[in-house]
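*Asks:* Residue numbers (full-length UniProt numbering), protein chains in the order written: chain A, 1 to 209; chain B, 1 to 209.
These aren't lab readings, by the way, just hints derived from the structure by calculation. Incorrect hints may have been included.
[Unchecked claim] No more than 27 Å apart at the CA atoms, straight line, and that leaves these computed lysine-lysine pairs for DSSO-like:
# : chain 1 : residue 1 : chain 2 : residue 2
1 : B       : Lys112    : A       : Lys140
2 : B       : Lys140    : A       : Lys112
3 : B       : Lys54     : B       : Lys140
4 : A       : Lys101    : A       : Lys112
5 : A       : Lys140    : A       : Lys64
6 : B       : Lys20     : B       : Lys140
It should be emphasised that the depicted structure is a prediction, and the values quoted were computed from it without experimental measurement.
Protein chains: 2
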Amino acid sequence: MPKQSAPDKRPPDTARRSEKSRRAIYDAALALVAEVGYPRTTIEGIAARAGVGKQTIYRWWSSKADVLMEAFFDLSAQAAQDAGQQPYTIPDTGDLAADLKAVLRATVDELKDPRFEAPSRALAAEGLVDEELGRRFVTKLLEPSLQLYVDRLRAAQDAGQVRPEIDPRIALELFVSPLAQRWLQHTGPISYEYTDTLVDYALHGLAPR
Amino acid sequence: MPKQSAPDKRPPDTARRSEKSRRAIYDAALALVAEVGYPRTTIEGIAARAGVGKQTIYRWWSSKADVLMEAFFDLSAQAAQDAGQQPYTIPDTGDLAADLKAVLRATVDELKDPRFEAPSRALAAEGLVDEELGRRFVTKLLEPSLQLYVDRLRAAQDAGQVRPEIDPRIALELFVSPLAQRWLQHTGPISYEYTDTLVDYALHGLAPR
Numbered sequence: 001m002p003k004q005s006a007p008d009k010r011p012p013d014t015a016r017r018s019e020k021s022r023r024a025i026y027d028a029a030l031a032l033v034a035e036v037g038y039p040r041t042t043i044e045g046i047a048a049r050a051g052v053g054k055q056t057i058y059r060w061w062s063s064k065a066d067v068l069m070e071a072f073f074d075l076s077a078q079a080a081q082d083a084g085q086q087p088y089t090i091p092d093t094g095d096l097a098a099d100l101k102a103v104l105r106a107t108v109d110e111l112k113d114p115r116f117e118a119p120s121r122a123l124a125a126e127g128l129v130d131e132e133l134g135r136r137f138v139t140k141l142l143e144p145s146l147q148l149y150v151d152r153l154r155a156a157q158d159a160g161q162v163r164p165e166i167d168p169r170i171a172l173e174l175f176v177s178p179l180a181q182r183w184l185q186h187t188g189p190i191s192y193e194y195t196d197t198l199v200d201y202a203l204h205g206l207a208p209r
Numbered sequence: 001m002p003k004q005s006a007p008d009k010r011p012p013d014t015a016r017r018s019e020k021s022r023r024a025i026y027d028a029a030l031a032l033v034a035e036v037g038y039p040r041t042t043i044e045g046i047a048a049r050a051g052v053g054k055q056t057i058y059r060w061w062s063s064k065a066d067v068l069m070e071a072f073f074d075l076s077a078q079a080a081q082d083a084g085q086q087p088y089t090i091p092d093t094g095d096l097a098a099d100l101k102a103v104l105r106a107t108v109d110e111l112k113d114p115r116f117e118a119p120s121r122a123l124a125a126e127g128l129v130d131e132e133l134g135r136r137f138v139t140k141l142l143e144p145s146l147q148l149y150v151d152r153l154r155a156a157q158d159a160g161q162v163r164p165e166i167d168p169r170i171a172l173e174l175f176v177s178p179l180a181q182r183w184l185q186h187t188g189p190i191s192y193e194y195t196d197t198l199v200d201y202a203l204h205g206l207a208p209r
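Pulled out of the complex, with its shape left as it was, chain A reads as follows:
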């Protein structure tokens, strides 16, 4: 989170101005990385586009990577709210297949959202060749979202719907990674029908029962 003091400790006007600046900075950072790529995105460029002083950004974040990570974090939280979901949780209705299908359908929508698409690709592309950035991206953004599947699969194990010897951290990759690869590498179309199929195949297996 920004290194600002809590809004309630400051006069309302300052808090409102800060919130407005913060949002302008996120928007500028996402737009810029989408347009010119990560290497050519600079704090100076973000500041100019957001209409704030460079020092405003440096007061809250220590690097362009930090700004971008939080801008994505914020974007994902917004997308979840727009979809009427509680961010950072996967529902447990007792029906594992239905719950996984619902969250993957919401992910399909997010991946196809133009606000998300271009900046995500730019950051992911840089993460492929800049291992340090890639690992931060994974640790801060990707892995926490994958842990939500771990939690849901563990609950399913407790309910006897997933075999007890299964490692949930590997199991989730059977439906999450195919979608990620199709989106990242354009290896195939993505749709609700596709992600529903992945869930069915993963839960029931390819071999006859």
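Using the hints provided, position chain B relative to the given structure of chain A.
*Replies:* Below, chain B without anything else, positioned relative to chain A:
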């Protein structure tokens, strides 16, 4: 393939010189893209590094993308031969799990091979943001290798080892895409144990049988 005339139509010395140049060009192209990335790799740079004239490259290929695609194609074929495998086929011993595990173990070796790692990452990263290049990469290199799994899974369906209603093109993603994502995005370690587990989960499913 290069636009050269068939070697047997030319004097042996010319064919030998051409083969040597071709290999020098592939090596130079792979090294260069690994070092400076795809956008800054040029035909001129490849020619200089390979010690050939620029016209030699233009005689055989029409773009740097074409040179690189073939360099990768050649590298993969070499890797398969080094591993004692027939390139462009997945063995059918009658044991589907064993056959899939063997080919994925060979893929793990290839992904960890430094000759392959850096240029592959550079090309994949560019393919994420340059959709046209990405699609060519998929069509020419990735999809043909995925079709080998389709063939093997179809044979398994004929043998009653995979359910008849399964779509093999989606099914293969349950074990191929997790490995691809771990490698591409550094989302987790890759090992033989990991790919063996993916095959077991995919074939038998996560739900109790």
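*Asks:* Take the hints in turn and mark each one as holding or not.
*Replies:* Hints, verified against the model:
no. : hint                  : in the structure
1   : Lys112/B <-> Lys140/A : 25 Å, holds
2   : Lys140/B <-> Lys112/A : 25 Å, holds
3   : Lys54/B <-> Lys140/B  : 24 Å, holds
4   : Lys101/A <-> Lys112/A : 17 Å, holds
5   : Lys140/A <-> Lys64/A  : 14 Å, holds
6   : Lys20/B <-> Lys140/B  : 24 Å, holds
Every hint, counting from the list given before, is met by this structure.
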